Amino acid sequence: MSDDLTATLHTSEGDIEVRLFEERAPNTVENFVGLAEGADDYESAEVAPGTGAWEDPDSDEKRIDPLYSDIEFH
1 MSDDLTATLH
11 TSEGDIEVRL
21 FEERAPNTVE
31 NFVGLAEGAD
41 DYESAEVAPG
51 TGAWEDPDSD
61 EKRIDPLYSD
71 IEFH
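For the sequence shown, the tail end lands on 74 under our numbering, and the numbers increase by one without skipping.
Hints were generated in silico from the structure; no laboratory data involved.
Just so it is clear, the structure is predicted and the values come from calculations on it, not from any experiment.
Just so it is clear, CB atoms sit at the ideal spot from N, CA and C, and this is done for glycine as well.
Possibly wrong hints are sitting among the right ones.
Using 25 Å as the maximum straight-line C-alpha spacing, the simulated SDA-like pairs for lysine to any residue come out as follows [unchecked claim]:
| # | residue 1 | residue 2 |
| --- | --- | --- |
| 1 | Lys62 | Glu30 |
| 2 | Lys62 | Phe32 |
| 3 | Lys62 | Asn27 |
| 4 | Lys62 | Pro26 |
| 5 | Lys62 | Val33 |
| 6 | Lys62 | Thr28 |
| 7 | Lys62 | Gly38 |
| 8 | Lys62 | Gly34 |
| 9 | Lys62 | Leu35 |
| 10 | Lys62 | Ala36 |
| 11 | Lys62 | Val29 |
| 12 | Lys62 | Glu37 |
Quick list of the computed label-pair ranges, beta carbon to beta carbon [to be verified]:
| # | residue 1 | residue 2 | range |
| --- | --- | --- | --- |
| 13 | Gly14 | Pro57 | 24 to 32 Å |
| 14 | Gly14 | Asp58 | 29 to 37 Å |
| 15 | Glu30 | Thr8 | 15 to 23 Å |
Taking the hints into account, I'd like the entire structure generated from these sequences.
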């Protein structure tokens, strides 16, 4: 792939590299990247699209760690 923004999905069948079309879907890409990378600072992070902070649906706690880290999808 070129210098475009990409994400690598690790699966049991091998890795899949996908290109993220920021110019076509800027909000979606911003949200995905924020949730994949997490936020830098707990105190200043807002739970809002594109910030990297998110609310845990089980505990209602604010989280800044990457949401998509080691998540298993079925």
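Among the hints numbered above, which are violated by the structure, and what are their numbers in rising order? When the structure is compared with the hints, none of them turns out to be violated.
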